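Spelled out from the first residue to the last, the chains are:
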Amino acid sequence: MLIRISTKNKMKNFIKKGLEKIKKEKIEPTASWKFSLQNFFWWLAFSFSILAGGVSISILTFLIAELDWQIYANLGNSSLETFLIMFPHFWIIFLGLFMVISYQNLRHTRKGYHYEVVLVTAVIIGGSLFLGAVLYFSGLNQKLNQIFLESIPGYENVIHTKEDQWSQPKKGLLSGEIVSKKTVEESQVLILKNIKSGTWKIFINDNTQVRGRVRLEEGEKIKVIGRQKKEKSDFEAMEIRPWEGMGHNRKNDNK
Amino acid sequence: MKLEHNFIDKNDFELIELAKQDSEYFGILMSRYQEKLFWYVKRISYFTNEDIEDILQEVLIKAYRNLNEFDASFKFSSWIYRVTHNRVVDEIRKRKRQKEGLFDELKESDVEAFLRSSIDLEQKTLSKDCFKKAREAIEKLPLKYREAMILRFLEEKNYEEIMDILERPKGSVATLIARGKKILKRELKQVRIDCL
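So the protein sequences, as listed, match chains A and B.
First residue of the first sequence: -4, per the numbering used here; consecutive thereafter.
First residue of the second sequence: 149, per the numbering used here; consecutive thereafter.
Derived by calculation from the structure, the hints in this document are not laboratory data.
All values reported here derive from a predicted model rather than from experimental measurement.
Incorrect hints may have been included.
[Unchecked claim] Computed list of lysine to aspartate or glutamate pairs in DMTMM-like fashion (alpha-carbon distance at most 20 Å, straight line):
{"id": "1", "chain 1": "A", "residue 1": "K21", "chain 2": "B", "residue 2": "D199"}
{"id": "2", "chain 1": "B", "residue 1": "K168", "chain 2": "A", "residue 2": "E23"}
{"id": "3", "chain 1": "A", "residue 1": "K188", "chain 2": "A", "residue 2": "E111"}
{"id": "4", "chain 1": "A", "residue 1": "K19", "chain 2": "B", "residue 2": "D170"}
{"id": "5", "chain 1": "A", "residue 1": "K166", "chain 2": "A", "residue 2": "E145"}
{"id": "6", "chain 1": "A", "residue 1": "K12", "chain 2": "B", "residue 2": "E201"}
{"id": "7", "chain 1": "A", "residue 1": "K18", "chain 2": "B", "residue 2": "D219"}
{"id": "8", "chain 1": "B", "residue 1": "K184", "chain 2": "B", "residue 2": "D202"}
{"id": "9", "chain 1": "A", "residue 1": "K216", "chain 2": "A", "residue 2": "E181"}
{"id": "10", "chain 1": "A", "residue 1": "K176", "chain 2": "A", "residue 2": "D201"}
{"id": "11", "chain 1": "A", "residue 1": "K11", "chain 2": "B", "residue 2": "D199"}
{"id": "12", "chain 1": "A", "residue 1": "K21", "chain 2": "B", "residue 2": "E206"}
{"id": "13", "chain 1": "A", "residue 1": "K11", "chain 2": "B", "residue 2": "E172"}
{"id": "14", "chain 1": "A", "residue 1": "K11", "chain 2": "B", "residue 2": "E198"}
{"id": "15", "chain 1": "B", "residue 1": "K168", "chain 2": "B", "residue 2": "E206"}
{"id": "16", "chain 1": "A", "residue 1": "K165", "chain 2": "A", "residue 2": "E226"}
{"id": "17", "chain 1": "A", "residue 1": "K18", "chain 2": "B", "residue 2": "E172"}
{"id": "18", "chain 1": "A", "residue 1": "K21", "chain 2": "B", "residue 2": "D170"}
{"id": "19", "chain 1": "A", "residue 1": "K106", "chain 2": "B", "residue 2": "D219"}
{"id": "20", "chain 1": "B", "residue 1": "K242", "chain 2": "B", "residue 2": "E287"}
{"id": "21", "chain 1": "A", "residue 1": "K106", "chain 2": "B", "residue 2": "E172"}
{"id": "22", "chain 1": "A", "residue 1": "K16", "chain 2": "B", "residue 2": "D199"}
{"id": "23", "chain 1": "A", "residue 1": "K16", "chain 2": "B", "residue 2": "D258"}
{"id": "24", "chain 1": "A", "residue 1": "K12", "chain 2": "B", "residue 2": "D199"}
{"id": "25", "chain 1": "A", "residue 1": "K224", "chain 2": "A", "residue 2": "E181"}
{"id": "26", "chain 1": "A", "residue 1": "K216", "chain 2": "A", "residue 2": "E231"}
{"id": "27", "chain 1": "A", "residue 1": "K216", "chain 2": "A", "residue 2": "E76"}
{"id": "28", "chain 1": "A", "residue 1": "K157", "chain 2": "A", "residue 2": "E180"}
{"id": "29", "chain 1": "A", "residue 1": "K166", "chain 2": "A", "residue 2": "E76"}
{"id": "30", "chain 1": "B", "residue 1": "K288", "chain 2": "B", "residue 2": "D258"}
{"id": "31", "chain 1": "A", "residue 1": "K12", "chain 2": "B", "residue 2": "D202"}
{"id": "32", "chain 1": "A", "residue 1": "K16", "chain 2": "B", "residue 2": "E309"}
{"id": "33", "chain 1": "B", "residue 1": "K292", "chain 2": "A", "residue 2": "E111"}
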């Protein structure tokens, strides 16, 4: 009984002391607009992180769709090797990060904790997929990727693009824009400007397969499968494909 | 400002509105919950009475400062329990970092209430040894499970209220309670509490 009374007195004490401190330090309730603003900020951050998730999905889809998945298999790489080389790890990590951030942002909103984890996860994934699809089908993903390439230093080093894939002369893959054409010792030679490794001489012979819509005109962008010659900037073409599109199997179409 | 004398008739929401003008009303409101909050802190933290007094004083000031954050769609009791929970969790973390121990023990009636929530307790009283072992098992429970169980079985809060206090979804609250009971049962089995 005595303990009970003593506890009650102490409790009254804490209220008394607390109120004294409030008065002494002139503490006042924080304005309600500050809490509303804070809540608004968390919702805004949540929306932004969903948008960032959508951007990640659209760009990683673009990067995956743009690459020639068959080419590494043709070069003798295993499926795992191909996957490790070509999978857009950077954007996958970003996507995961934004999903976690989205979840945290929502949990900080006033009633965010009411929503079950499964529901929140489904909304985040669904929202990101929807926005990703909108960006993908509107073609904005390609533009966004280009903006990142131009404005973020080092971005090109963390993604594997179609240009990377087709700038590996040692592996027999080369691409670029035809600068000029000439004939050397009865062989047709293309002067090709590769975005990563400069100017190349592409040697075309009777066995070279020229695919689909390839016209071999100056200014045209092409992909070349072949092998690097002894001379460092010489490349013997076995097959030439158009830069865009899948190409068709029309042998020597442009000859 | 002179306090109105009929504040006993006023509900929590009315007192909150009055407290925004005069902090004395907030004192009246807090006095309605002081005892409940005291035992709540005691049960989850085992802090000494003096420490609890300091913590509750800080809770009072923080709650007053954030009075406009209070949403009338909640119960005031849930909100003030939440503010208290956050402050206690901070203090426990701080003490763990400083490797300070926890000081007090659970009351006998609390131990019994805990056991009744997890197992069929037919006997009315527990032997001394059994009681000691059971209390140790309860105190071993990780805080998140122990607190959810305290709120449910000792504070007798419903799931909605626990959800608002712990800021966790309902499903998560149910999981915490179920897992807490499971762990406690296992612990009790391990220490061979065959006196039950």
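Going through the hints against the structure:
1. A:K21 to B:D199: 25 Å, violated
2. B:K168 to A:E23: Cα-Cα ~8 Å, so holds.
3. A:K188 to A:E111: 55 Å, violated
4. A:K19 to B:D170: Holds, at about 13 Å.
5. A:K166 to A:E145: 27 Å, violated
6. A:K12 to B:E201: 10 Å, holds
7. A:K18 to B:D219: Violated, at roughly 24 Å.
8. B:K184 to B:D202: Holds: B:K184 and B:D202 sit about 16 Å apart, inside 20 Å.
9. A:K216 to A:E181: 24 Å, violated
10. A:K176 to A:D201: 16 Å, holds
11. A:K11 to B:D199: The given pair, whose Cα atoms are some 16 Å apart, holds under the 20 Å limit.
12. A:K21 to B:E206: Holds, at roughly 15 Å.
13. A:K11 to B:E172: 9 Å, holds
14. A:K11 to B:E198: 15 Å, holds
15. B:K168 to B:E206: OK: B:K168 and B:E206 at ~18 Å, within 20 Å.
16. A:K165 to A:E226: 12 Å, holds
17. A:K18 to B:E172: Given pair A:K18, B:E172 holds - Cα atoms ~10 Å apart, limit 20 Å.
18. A:K21 to B:D170: 11 Å, holds
19. A:K106 to B:D219: Roughly 10 Å separates the two Cα atoms, so the pair holds.
20. B:K242 to B:E287: 19 Å, holds
21. A:K106 to B:E172: 29 Å, violated
22. A:K16 to B:D199: Holds, at about 18 Å.
23. A:K16 to B:D258: 34 Å, violated
24. A:K12 to B:D199: Holds - the C-alpha atoms of B:D199 and A:K12 are around 14 Å apart, at most 20 Å.
25. A:K224 to A:E181: It holds: about 18 Å lies between the C-alpha atoms, which stays within 20 Å.
26. A:K216 to A:E231: Between A:K216 and A:E231 the Cα gap is close to 17 Å, so the pair holds against 20 Å.
27. A:K216 to A:E76: 28 Å, violated
28. A:K157 to A:E180: At roughly 33 Å apart (the allowed maximum being 20 Å), A:E180 and A:K157 break the hint.
29. A:K166 to A:E76: Satisfied, since the Cα-Cα distance of roughly 14 Å is no more than 20 Å.
30. B:K288 to B:D258: Holds, because 15 Å separates the two Cα atoms, which is no more than 20 Å.
31. A:K12 to B:D202: Given that 20 Å is the threshold and the Cα spacing comes to 10 Å, the pair holds.
32. A:K16 to B:E309: 30 Å, violated
33. B:K292 to A:E111: 18 Å, holds
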